[in-house]
Amino acid sequence: MSKSVLNYLIVSLTFIFLLTGCRKKEFDEFYGRPENLGDPIYQQLQQKGNFTKFLDAIDKAGYKETLSAAGSWTVFAPTDAAFTKYMADNNITTITPELASSIVRYSMTYDGEKVERLSDFFSNKGFIKNTAFRRRTVYYDFVYDAVDANGNPIKAVAANRNGGFINTDFNNKNLPFYLTPFMTLNGLTATDYNYFYPGSTYTGKNVGPANIVDGEFNIIAENGVIHVIDRVLTPPQSIDQYVGSKSEYSVFKNLLDKFVTYSPNADVSHRYEVLSGKVGNVYVKNYATLLSFSPNNENYLRLDANDAQTGSYSIYAPTNDAVNAYAKNTLLKYWGKRGVKTLNELYVVAPDLIRDFVNSHLYTSTVWPSKFNVALNSLNDASKLSQTNVVDKQALSNGFLYGVNKAQDASVFSTVYGNVNLDPDYFIMKQALIYFGLTIPLKTASLKYAIVMIPDVTLRKMGFYYDAFFPSAPIRGDNAAFRRILQTHIIPIPSDRPMPDFATGSGIIESSNGEYVKFANGKLSSAGTSDSTLVAKQTIPVDSVNTAVNGVAVYGKEALTYTPLQIARHIERYGTLVTDPYYDFYQLLKTSQIYNTTSGAITGVTDGVFYTVLIPTKAAITQAVKDGVLPGNVTTGAPTYNPTDFVGINLISKFIQYHIINKTTVASDGQKTGSFETLYKDDNGNTSLVRVTTNTLNSLIFTDVTNRTASALLGPTDRSNVLSNRAVIHQISNYLKYQF
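Read in order, the letters of the sequence shown are residues 135 to 874 in our numbering.
Mixed in with the good hints, there may be bad ones.
As the list claims (entries may be wrong) - Mimicking DSSO-like on lysine-lysine, the simulated pairs with C-alpha atoms at most 27 angstroms apart in a straight line are:
#	residue 1	residue 2
1	K657	K760
2	K657	K595
3	K518	K505
4	K289	K392
5	K387	K505
6	K387	K475
7	K540	K475
8	K219	K339
9	K380	K540
10	K387	K462
11	K527	K380
To be verified - Okay, the calculated beta carbon distance ranges per label pair:
#	residue 1	residue 2	range
12	K412	N680	26 to 32 angstroms
13	K815	Y468	41 to 47 angstroms
14	A459	G411	47 to 53 angstroms
15	A439	V483	39 to 45 angstroms
16	A654	R594	54 to 60 angstroms
17	S381	K462	16 to 22 angstroms
18	M596	A459	34 to 40 angstroms
19	I568	T713	47 to 53 angstroms
20	A735	T423	49 to 55 angstroms
21	A735	M596	23 to 29 angstroms
22	E232	N284	40 to 46 angstroms
23	P332	S379	16 to 22 angstroms
24	Y468	P332	39 to 45 angstroms
No wet-lab data here; the hints were simulated from the structure. All C-beta atoms, glycine included, are put in the ideal place defined by N, C-alpha and C.
Turn these sequences into a full structure, and let the hints steer you where they fit.
Structure follows, in structure tokens:
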């Protein structure tokens, strides 16, 4: 090797060595362990000197290595003084390995977080400020001893989803903390906190019943963050565990158990065998999705992987006496006639009633004490109970529990819908209401309704029945007809109107489908029942009226039917004889060019559309002839019913059209006023209007475009408020004049 080459190699190697040294220094400065980074959590607790009992628990739990090595944990560390108090309060002299494991694992949450970050929800879109009050801990329950539905002892594990189980999820319990940022944002105060933790002082830095010690938080460690607390934390029971452990809720638990299934799980069974050395099936305790949540699920809704940070469940658990009283007075009220005397028997024949009763006590939200009567339960009801009904209160691992001495009176039972829902004699009507989507308004307590009950025996006679063999179309019979009839039996009552007195009062009222029902002297009638040519019964006697929280249920033995007849057929009924009130109008109609004598159809009147027909009296029609509005003798006022000239024919057509209000039914019910279009259109195609200027129970006045008025004749012998096919017919005192 030449000397020049040797010199080149020496220079090159020296440069590479220097460059490598510089790079290593830069690497160490950027990636190396910072000099100011604290020791791992375990070593820092050792150095402080007042965590010997907690460290002993860590050792017994087998977490020394975990808390001494790399990782990211938030540890809520109780002091020795906290342990001394805990052991004295619980009358124990030693911490067993099992207890140590519970304490340590429940004091550890995933990801090292400073206090300032604990109130932030770590969502899948990033942190959301001040919306969190819980964190997932390392602690979870595993296999436990249980009894299946047949009373056989089994090994079980809790569900970790609502209605399901995922093998990779350990159903970890969450640790709650009540920090000022979260509490302030949600309008919560010390009262909300102390309701569940009466023996603790609210400071705005509370972790369960404990306080974060002033000046001893945000202690940064190599593998996380330490917050010192003044109490020992142990994992609370879940809602399922707590209710199951208290005999005072055994009746309610029995109802919950009706929605439980136990399914063998091979993965958990194998894991249990490895850990315990015992061979055998482990069963997952699942609650059916019929319930709004699974009381043994430690996760939340899982709409977001971490949504348990922001919410939890709540339950108003009724005591045995509360459930039994409600069962007697409400749930079983009508079932004695079917021989059903217990809730167990009721579940067999009407499981939906038990489901709704249970769900009315479940909340998929955190119900804070200050929101006790504001939060909505799984049936979308606000509670009618008060704080005086609370006999037990618990902050459990997956939600708040309020033990109550009175059952929730759910809207599905207390509203007018409850009368149909609870009584087996109205099963077909109930199923039809559900099938046609008509239940929600009826079971909304803030909406007033009267519902006319139709017993099963009547519906069967009419050709309607329920057959579960056809799940997609269980309502058998003419569905369109049934829906129309059903809607006629649903009567919304305006909030500013008193409930009609169906037993002794009289009046006319609009049903939910726009058709009208009349009531007088304890009897009901509709367009169909008024058809003497079609049915034998003109009215339906009211047997009784039951009051509900949002209205009344009216009981009879027949149905309010509709008429298939054309509107003109009802005009004809009162217009055939010279002495009939509609005679002159009907004579004009039946000879007009807009009337089909064979079908009874009026040109412009369409099936399925609502109308109001205004029929002037004989004297009014006479005056119309004299005024030149109708063809006839202007001296005597005698009308020409069948003119042959174009002018006369046109006058009659326009006269009739202007006396038919289009797309609206108007009755003397005090409801509709304003301008409404008629069938009449001028030569330019413009619609002419009629105004309803007065509408009370005793007065109904119409005004035409020339400001002439006509009153509906509402006397007992007059022919107004006559019900027709989606129409109401009135005899009026004057004729109405369109603009020539």
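Determine whether the Cβ-Cβ distance between A439 and V483 falls within the hinted range of 39 to 45 angstroms.
At roughly 42 angstroms between Cβ atoms, V483 and A439 fall inside 39 to 45 angstroms, so the hint holds.
Verify the CB-CB distance for A735 and T423 against the hinted window 49 to 55 angstroms.
Given range 49 to 55 angstroms: holds, Cβ gap about 52 angstroms.
Is 47 to 53 angstroms a correct range for the gap between the Cβ atoms of I568 and T713?
holds (50 angstroms)
Please work out if K380 and K540 have their alpha carbons no farther apart than 27 angstroms.
holds (17 angstroms)
Cβ distance range 40 to 46 angstroms for E232 and N284, holds or violated:
violated (30 angstroms)
State, for the Cβ atoms of A654 and R594, whether the hinted interval 54 to 60 angstroms holds or is violated.
Once the Cβ atoms are compared, 29 angstroms apart, the range 54 to 60 angstroms for R594 and A654 is violated.
Indicate whether the distance between the beta carbons of K815 and Y468 respects the range 41 to 47 angstroms.
violated (55 angstroms)
Is K387 within 27 angstroms of K475, Cα to Cα?
holds (19 angstroms)
Do the alpha carbons of K657 and K760 lie within 27 angstroms of each other, as the hint requires?
Outside the cut-off at roughly 43 angstroms; violated.
Are K289 and K392 close enough, with their CA atoms no more than 27 angstroms apart?
Measuring from Cα to Cα gives roughly 19 angstroms; hence the hint holds.
Checking one constraint from the list: CA of K219 to CA of K339, max 27 angstroms. Satisfied?
Satisfied, since the Cα-Cα distance of roughly 20 angstroms is no more than 27 angstroms.
Lying within 39 to 45 angstroms: is that true of the beta-carbon distance Y468 to P332?
Since Y468 and P332 have Cβ atoms about 43 angstroms apart, the given range 39 to 45 angstroms holds.
Hint check: violations occur at hints 1, 12, 13, 16, 22; the rest are consistent with the structure.
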